[in-house]
Amino acid sequence: MEFILIITHLPDKERAMALAHRLIEERLAACVNVMADCTSVYRWQGKNETASEVPVLIKTLAQHYARLEQLIMSMHPYELPEIIAVPVTNGLPAYLKWIADETLVSDKK
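Each residue of the sequence shown is one higher than the one before, counting from 60 in the numbering used here.
Please note: incorrect hints may appear among the correct ones.
Cβ pair distances, simulated, as ranges [unchecked claim]:
hint, residue 1, residue 2, range
1, Ala153, Glu73, 31 to 39 Å
2, Leu151, Asn107, 37 to 45 Å
3, Cys97, Met132, 17 to 25 Å
4, Thr148, Thr109, 27 to 35 Å
None of these hints come from the bench; they were simulated from the model. Source: prediction; values computed, not measured. All C-beta atoms in this analysis are idealised placements derived from N, C-alpha and C, irrespective of residue type, glycine included.
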C-alpha cells in the first residue's frame, strides 16, 4: 500500500473547506488539513504575481490519486491549480493503517 500527501492551494477558506468536506465524504482522503492563509509569490504568464491562498494538505492512498485529482480540478477555480503528490515513505504504523481504513471503502462504490 502506497501512502501519499497531496498539496494544493485554494483562493479562500470557503472553497478549501468545501473541497475538504467533499474529499472526506467520498472517502478519497482520511484527513484534510485546511491551513491558515498564506501569501504566494509566483510567476504566471510572464508576470510576477502575489496572491493570498489557503494551503490544503490531503492524506490518502496513491490508488486514489486519479479520482482525487479529477475532483480537485472540478472544484478548483484556477486555470492551472497546484496539485502535488508527495510519497510518504515512513509514518506511525497505526496512523498509516487508519488512512488505509478510512479510504479503502471508496473503491467499493
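Right, here's what the structure says about each hint:
Between Ala153 and Glu73, the C-beta spacing of about 33 Å keeps the proposed range 31 to 39 Å intact. A C-beta distance of roughly 41 Å is found between Leu151 and Asn107, which places it inside the suggested range of 37 to 45 Å. Between Cys97 and Met132, the C-beta spacing of about 22 Å keeps the proposed range 17 to 25 Å intact. Range check, Thr148 to Thr109: about 34 Å between beta-carbon atoms, so the 27 to 35 Å window is met.
In terms of the numbered hints stated before, the structure departs from none.
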